[in-house]
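Since the structure of chain A is already known, use the hints to place chains B, C, D and E with the ligands on it.
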Amino acid sequence: MSDGTASRRRGTRRPPILLVMLGGFGLLFLLIPLMGLLGEVAWSDLPELLGRPVVVDAMRLSLLSSVAATLLAAVIGVPLAWLLAKVDFPGRSLVRGLVLLPLVLPPVVGGAALLFALGRRGVVGGPLHDLTGLVLPFSIWGVVIAATFVSMPFLVITVEGALTALDDRYEWAGATLGAGRWTVLRRVTLPLIAPSLGAGLILTWARALGEFGATITFAGNLQGRTQTLPLAVFVALESDRAIAVALSLLMVLVALAVLILLRNRWLRSL
Amino acid sequence: MSDGTASRRRGTRRPPILLVMLGGFGLLFLLIPLMGLLGEVAWSDLPELLGRPVVVDAMRLSLLSSVAATLLAAVIGVPLAWLLAKVDFPGRSLVRGLVLLPLVLPPVVGGAALLFALGRRGVVGGPLHDLTGLVLPFSIWGVVIAATFVSMPFLVITVEGALTALDDRYEWAGATLGAGRWTVLRRVTLPLIAPSLGAGLILTWARALGEFGATITFAGNLQGRTQTLPLAVFVALESDRAIAVALSLLMVLVALAVLILLRNRWLRSL
Amino acid sequence: MVEITVTGLDAKIVVGRGEDFRLDMELRIPPGRTVALLGPNGAGKTTAVMAIAGVIPIDGGHIRLGDHLLDDPRSEVLVPPERRNIGVVFQDYLLFPHLSVVDNVAFGLRSTGTGKSEARRAARLWMDHLEIGELAAARPADLSGGEAQRAAIARALVTEPRLLLLDEPLAALDVTIRAHLRRLLADHLDGFLGPRLLITHEPTEAFLLADEIHVLEDGRITQIGTPDDIRLRPRTRYIADLAGANLLTGWASGGTVVVSDFELHAADTQTEGPVLVTIHPRAISVHRRQPEGSARNTWPTTIKRLEHYGDRVRLQTDLPIPLTAEITPGAARELSLEQGGEIWLSMKATEISLGAA
Amino acid sequence: MVEITVTGLDAKIVVGRGEDFRLDMELRIPPGRTVALLGPNGAGKTTAVMAIAGVIPIDGGHIRLGDHLLDDPRSEVLVPPERRNIGVVFQDYLLFPHLSVVDNVAFGLRSTGTGKSEARRAARLWMDHLEIGELAAARPADLSGGEAQRAAIARALVTEPRLLLLDEPLAALDVTIRAHLRRLLADHLDGFLGPRLLITHEPTEAFLLADEIHVLEDGRITQIGTPDDIRLRPRTRYIADLAGANLLTGWASGGTVVVSDFELHAADTQTEGPVLVTIHPRAISVHRRQPEGSARNTWPTTIKRLEHYGDRVRLQTDLPIPLTAEITPGAARELSLEQGGEIWLSMKATEISLGAA
Amino acid sequence: SSGERTELLVSAAASLADGFIAIEAAYEESHPEVDVVLNFGGSSALREQILAGAPTGVFASANETIMNDVAAAGLLHEPSQVFATNRLAIAVPEGNPAGVAGLEDFDRPELLLGLCARGVPCGDFARTALQRAGVTPVVDTDEPNVRALLTKVELGDLDAGIVYVTDVIARSSVVDSVVIPDEFNPTARYPIAVIARSGAQDTATKFVSFVLGAEGQAVLADRGFGVHE
Ligand SMILES: Nc1ncnc2c1ncn2[C@@H]1O[C@H](COP(=O)(O)OP(=O)(O)OP(=O)(O)O)[C@@H](O)[C@H]1O
Ligand SMILES: Nc1ncnc2c1ncn2[C@@H]1O[C@H](COP(=O)(O)OP(=O)(O)OP(=O)(O)O)[C@@H](O)[C@H]1O
Ligand SMILES: [Mg+2]
Ligand SMILES: [Mg+2]
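Protein chains in written order, with the numbering used here: chain A, 183 to 452; chain B, 183 to 452; chain C, 2 to 358; chain D, 2 to 358; chain E, 13 to 241.
With the rest of the complex left out, here is chain A (with noise of 0.2 Å):
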């Protein structure tokens, strides 16, 4: 063995330059881009432009409609990771395999998709339109049920891992105390997979709030009721470039505050 030769010290040891290079490559590759749409913002104009009621609009819509995804998703998603995790059904791995579906398909086939299913003469829309005369395109809930769409695998796949991950024995102590399935999963299970479900929740509303194609697809494109932040952009993009930018970092930097807020709480158990 060699001699120990001496190396500087104090504090924790420099990690490796390979290492550090390409990482900072990989944030350089993210902060690019964002330096590129700073570089565009037309700043002086930016009091006004949020002050617009379109803005107003997007910036209200975004935020109701992304929240009400989350939920929808949480009340939907988490029984299926639930199933997903504890039940042996048949048939389990394709649902696993369809689970990561609205991952892969482009938004806006998949808003075509839920528009063939949940149209006014759609496979489903139609009857439900004849039965309830709902129509779910064109108003918020054609908003949320395409972000929901697109979103929803994030928390799916988050709780189920959390799931799979859990030690069972502290459901079986809730058990022998005399907590039936549904106290326990309400009061020992979902307790326990918090963080999980709190980094999932993030990331399903953090997708849903971006979610552009399948929403323009499928709920339209109107302003004050189906018009979100990302659509916004969209139109202003056809008219004024500075404006669209400028709506894109506001956008962004709601977002942010929002995920480095929880991130520090919540996502560490990602």
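I should point out that these hints are in silico values taken from the structure, not numbers from a laboratory.
Yeah, the Cβ is synthetic: ideal placement off N, Cα and C, and Gly gets one too.
Among the hints, a few may not be true.
As the list claims (entries may be wrong) - BS3-like cross-link-like pairs, simulated, lysine-lysine; straight-line CA separation at most 30 Å:
1. A:Lys268 to C:Lys305
2. C:Lys349 to C:Lys305
3. B:Lys268 to D:Lys13
4. D:Lys305 to D:Lys349
Stated by the list, open to error - Chain A residues, not near chain B, derived (Cβ > 12 Å throughout):
5. Val236
6. His311
7. Ile339
Unchecked claim - Incomplete in silico selection of chain B near chain D, CB under 10 Å:
8. Ala357
9. Thr358
10. Arg363
11. Val370
12. Gly380
Chains B, C, D and E with the ligands in isolation, oriented as in the chain A frame:
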């Protein structure tokens, strides 16, 4: 306490009915759009369609670029995840938020941002072009860069989570046996997080395969050079809907096959 | 207060686990009695607990608590765990990390419909009883091992269960505090009137806490008896090792026992045929030279190994028969014993106990 | 073969951990000797191992192995762990789950540049030596505790380290096989020529495996000595508890020792002033009635607690001084002792040993 | 008070956004009882929405083929009318750094050139013009719509692209243009129609008349559109 009333037996207990209903609804939510898509397919034209050069070219390019994007994401994303998990540098929580940015940014805006930055006259692309004559848009490089930008977060998040959860002491064990940090990374850390790494790579690949908005904005759309399957679908939507639907279906089936195959191996651990 | 019917456990548990493990045992515990289920890792102890608690259904046999049939494959009865009213103290306690200690203890009452404040009040009563009243607001992660143990016991007892299952309640603890907590556990269990099952692989725990010990090895009960029975008349090598005794197999005939071609003289001249021979390490005397006197068994050998334990010294010999003897450190020094040294052993005939094999 | 310089360890380790823990200890181990670092949970034992192995840098002091300075904040020297050539056997072995056993053992050589087949050949040699040669292809998850221990030792030894650190190498094991593995460990360590540090909180382990014991409590060394020193002259309550002895504090003057207002007579008439009084439980005799005879200390008391351990019975008394006595099960039966019963204790003056407090 | 207003959903091609926002304002001023709600998107996406039963009252397409699809599905109240025309121009980055002179430059492989994709009206028209000029284009990208193409020209990533005259007028501050001679330049027609069964056919018909009337045409003419025949 009330007497234990007899309940039917054999096998495991039935899961709570509400949970099954909600989970089933969640599954329906994923299935219905797929059914809508299937309902629109002109099955008889399918074989001829899939043999067309446009389709073959797009398929080849999609597979090539999605795999390349996954590899690039691995090369720069894994080190980034490692730095985020292991090195306590200033601004780490800001970077943690930044990593999620491409998730929030509508892909078209992301593509525009890439163009601002890496275009022929962009902040970075300009000097790059002047120095080397390299033009990133309108080439497969552009496709790969766009796909990497939107899909890398999946890898970084998954790997960072796994690294944070990893028992450090395995790495110490490696070090005391004479392995430098680089060797430890290669021979201990990465193999130990292999399941999460695999899961992250699959998610990344799936997202890269479905990528549309950033690609068309940044890399353009030329058959055989930058036209991936989602782009072909979009263009077909403008002219012949049947082709578009058939192509979407093809893409979904390829992705589903790969996901189901790999998922049972890797994604468990996510 | 809820009425408690004090009734015994009567179970025959047949259940498979994984590929090739199968538990097949009977268990009867009268009210107020503690049975220890003692066995090595993987013997099936936890499997038995889970079957009784209702977490895994049995494949054959039955589980009955008083007149309540809890599980019986033949009559298709399976009461789910939440309706069995069986208290379980898990090996590493499994206190819910997201709840305060008082909410952990109150969990059972809350789950069965009691209101929050009333459940907390009842929880506090039990906590005071177990002397952890001041820890109500603490999180489980902040408790010491002993405090966590008491919280787990309080949590199990607060629902006034009809049966108490304790799965290695001391295994998670540091050796130096285990003795102390064992005493406390004995005290805490005193007030519980139902049957109790204590799972352990620590003989001391079983000897100190149980009225009766069932030894479980590889899914089968190999011995049932009082702590003294088990200690003095072990029936398998595993139990003998636990009790610290030498266990040999031989052939007895008129007071002579042949063990691997070597003849021992026993006081018991009645037992004949194949026998289990138990010899306590303290009953073996060690000498530097051939001893004179009344001991009927005496032979020379060499020390294969010499070990110092706190206040005693154990020495092992291999030939003519494998035996462990125990002496005081003083005696060891006096005899200046060392590994590989030549010695003589002697043993009175009355110290050799024989049991039919 | 690599050349090995057999050299001793010389360390002064000052390092903080978390908010309020600080380790400050010196440690010197000559080549070929085993020092046991014995201490309760959280005393800082693992911290010491990590500092010596180089995983955490020390804040003060120095770590020197032979003439190699490994860590010294003042001279800004810090050799990273991979260049210290120190073998570590971790508490739960930490065998790499993704590698076969032979690749685990070969890991060190592979990491330092040896080719695959040659590293495997060397690994197999060590594995054969430790009698796990046939497990080469197995995965760590399939090993029993004893096999895993040997694989971990082989993995540490194959790089021919200059110092061996063993962090609670037996803690992960079932009590019933621990004794067996302890013996094997002693054998396996015999061939290693460098200094060895054994971390443990099991006194038996320390007594059996170490040449010298350092007792670590709350970051400080509280006693250093041979196993006999530690056993016979414990200096803290923790050590006395471990050794099974009664440790009291009192005031000695001319052969009379006052312990909580009670007078004991000791043979030692020299020691004066505040003293540590050590009394071994076996040195205390138990009687039903007031004993006659030569014992100079004798008094009546009641049994506070009676405990049966395999082959001995311990009884505790509280008044006038808290003492634990130990007798045989036979004696206990003969005296028909029971909890709460009235007894007399006696003790010879020669059995009371005094040390300056 | 807005609750009493009749709502009219107008789906218009995204390239018409600027003009239709102005028309909406003008129309609502003269018809306070009507609330025009604009829905901008790609013509094909709008078609899918209408085919799927969207409550669209008026459909203004940038593409006659797409309007024909809707007509073929029997969803038009009455046949569509052309409300605007457009012609093509070559867009080049400010200062025309590559020195593009006309359609003849579109076969120079060393230039970065873009067109709209085939099947997209501006792409089909551009190819018609090139064919008339006898040029076989060598392009680097088939953009999905004019805006995408124009953005790349503005940023200098393309040396030239064929777009509509209206587009270079709207973006004259950031792009320059090269005229395409009339003999090669095809005319794009923008059809508008009332959608059947929308439940607001009267209102819709009035809106279409407004677009075709003097006020609507003036707004469109301001933006460079040719007024309808
Ligand atoms: N979930 C499981 N699936 C398959 N096999 C299992 C499972 N749990 C336990 N086993 C097997 O069942 C057998 C009995 O295990 P059990 O946990 O009951 O033993 P134990 O006596 O409690 O052991 P310990 O002292 O280690 O707790 C073992 O062979 C074990 O490998
Ligand atoms: N990573 C850490 N961060 C902060 N504090 C730590 C960390 N690891 C250990 N400590 C603290 O340092 C002290 C010493 O811990 P150490 O692990 O060295 O004890 P030990 O003697 O090895 O105990 P054990 O017998 O439980 O292994 C403890 O108070 C512990 O809480
Ligand atoms: Mg167990
Ligand atoms: Mg430790």
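Hint compliance check: list the failing hint numbers for this structure, sorted ascending. The structure conflicts with hints 1, 7, 12, although it agrees with all the remaining ones.
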